[in-house]
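Number of protein chains: 2
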Amino acid sequence: MQEAIRLAHEGMRNGEGGPFGALVVKDGHVIGKGCNKVAAQSDPTAHAEIVAIREACRYLGHFQLEGCVLYTSCEPCPMCLGAIYWARPERFFYACTKTDAAAIGFDDKFIYEELEIPLGERKIPAEQLMREDALKVFQQWSALGNKFVF
Amino acid sequence: MQEAIRLAHEGMRNGEGGPFGALVVKDGHVIGKGCNKVAAQSDPTAHAEIVAIREACRYLGHFQLEGCVLYTSCEPCPMCLGAIYWARPERFFYACTKTDAAAIGFDDKFIYEELEIPLGERKIPAEQLMREDALKVFQQWSALGNKFVF
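Chains as they are written, first to last, in the numbering used here: chain A, 958 to 1107; chain B, 958 to 1107.
Because the hints were derived from the structure by calculation, they are not lab data.
Values in this document were obtained by computation on a predicted structure and should not be read as measured data.
If a hint is listed, it holds; no wrong ones were tucked in.
Copies of the same chain are indistinguishable here, so a pair counts whether it falls within one copy or spans any two.
Pairs of lysine to aspartate or glutamate residues, derived as EDC-like cross-links and limited to a Cα-Cα distance of at most 16 Å, are as follows:
id : residue 1 : residue 2
1  : Lys1080   : Asp1064
2  : Lys1093   : Glu967
3  : Lys1080   : Glu1047
4  : Lys1093   : Asp1057
5  : Lys990    : Glu960
6  : Lys1080   : Glu1070
Chain A extracted, bound-state conformation (with noise of 0.2 Å):
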């Protein structure tokens, strides 16, 4: 944890985004680790847990953290918890939470609130369209032999 909070002072430091570092660990070994790179790299999902996690699966050429740990700097956010799931890494640590966060100006509490209203009612506006059309797809897919699970 430490690392991962030196990770999130270093690219705080350099201007690369907000203060967050995060590492995956596999049998004692770093093999994935990542700060912010929100504003460096103009990508939204650039947080610190999704570049460890994509770090770390290229170097096991894999998109399963089987048998990992995850650290972050702070709570994931759910874009982050999301990616920790299809991941699936045995456990992780987190030091600040989303309220720590929140009080910095990070809309991560914000983001977790609005999972809780109904999809129509959103600050985002989401709405359905051509449902009949794109099951033809999922139909096609559940036929499928030989697919992966993710």
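Put chain B on the given structure of chain A with help from the hints.
Positioned in the frame of chain A, the structure of chain B alone reads:
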């Protein structure tokens, strides 16, 4: 939406990942598009919406999608919904639902359900460590002048 569904079909047929497609439109022009590339890129974060958002942000040279509309062939999972909130398009349209995705074996609905459970009681265990040390970096961030707001 027809194009998002076409991308979903194409990506599935090419074995890039699950049957999902998305695109970002600004002023009537497509500025980012993608399909799920989780398998092809060994990247659990390479969902269609994330691929499309990253491409659109690269095009704009900015981490915000002001004035943009996103189309996705399926209701975004929590990771992608989080990414949409960080990128802040004006609105989005979706076709299939998270229940449709669950019916063909994807975890979207499960992850939404996990978000409603307290952090320490979820399937992937989470523990807090070293909050006081990480808070020092947050305090330094607060004291910075001239910083990006996310």
